Amino acid sequence: GNSVTQMEGPVTLSEEAFLTINCTYTATGYPSLFWYVQYPGEGLQLLLKATKADDKGSNKGFEATYRKETTSFHLEKGSVQVSDSAVYFCALFERADKLIFGTGTRLQVFP
Amino acid sequence: DTAVSQTPKYLVTQMGNDKSIKCEQNLGHDTMYWYKQDSKKFLKIMFSYNNKELIINETVPNRFSPKSPDKAHLNLHINSLELGDSAVYFCASSRSGTGGNEQFFGPGTRLTVL
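So the sequence lines, in the order shown, correspond to chains G and R. Per our numbering, the first sequence runs over residues 18 to 128. Per our numbering, the second sequence runs over residues 67 to 180.
So here's chain G without its partners, still in its complex pose (with noise of 0.2 Å):
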């Protein structure tokens, strides 16, 4: 069935620094990507998204580009803030409006 991969967590890293957090997926076909964080406390909200090869999805300084050749989705940013501190989830769309959700990953910045 169609799956979603995330590295393992946390990412620590030094507010200005570049971030990527890797993900990649399995599926029939191409279904749309996206990317959901999560602050703490709160519930999920979408990031970006992109619904076909070659889209870049971008947000907040965050940009992921759909790779069909590598079925990767990577999620970077060029300076991170302590702000960015949250859980990130990488997620494909299957049939019937159903989200498949990789693991998290949990993104911790300090100043």
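Calculated from the structure, these hints are not laboratory results. A portion of the hints provided could be inaccurate.
Some chain R residues near chain G, calculated using beta-carbon distances under 7 Å [as the list claims (entries may be wrong)]:
id, residue
1, 109
2, 112
3, 113
4, 135
5, 137
6, 156
7, 168
8, 171
9, 172
10, 174
DSS-like mimics (lysine-lysine), calculated; alpha carbons at most 27 Å apart, straight line [claimed, not checked]:
id, chain 1, residue 1, chain 2, residue 2
11, R, 118, R, 75
12, G, 85, R, 110
13, G, 94, R, 107
14, G, 73, R, 85
15, G, 94, R, 133
16, G, 115, R, 137
17, G, 115, R, 110
18, G, 115, R, 118
19, R, 133, G, 115
20, G, 94, G, 77
21, R, 85, R, 110
22, G, 69, R, 85
23, R, 88, R, 107
24, G, 69, R, 110
25, G, 115, R, 75
26, G, 115, R, 102
27, G, 85, R, 133
28, R, 88, G, 77
29, R, 106, G, 115
Just so we're clear, the structure is a prediction, and the values are computed from it rather than from any experiment. Cβ atoms here follow ideal geometry from the backbone N, Cα and C, with glycine treated the same way.
Use these hints to put chain R onto chain G, whose structure you have.
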């Protein structure tokens, strides 16, 4: 105005009890979901409803019964609570669509079974 709201925010109860969690969305969406997030943050879908009709039921014990009185509400009733039911439960909603529309999540209900 809160888009997706859940009550209660915290729920502490004894094993064997029956409890309910309520969810309401004011976004006009036609699809609603329940997710379970365990202590390791792993998030798994439990149910989804589209226009009050059950669409997804992911191998969840019969003790869990969702109820959708209308499109804006999806409640979760749990019978005979067990220790393993302790988790954070999230409600979410979206517009239905073939490409995957954004899901809006509630703030979560932390259930602790003693």
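### Query
Which numbered hints does this structure break?
Numbers 2, 3, 4, 5, 14, 15, 22, 27, 28, in rising order.
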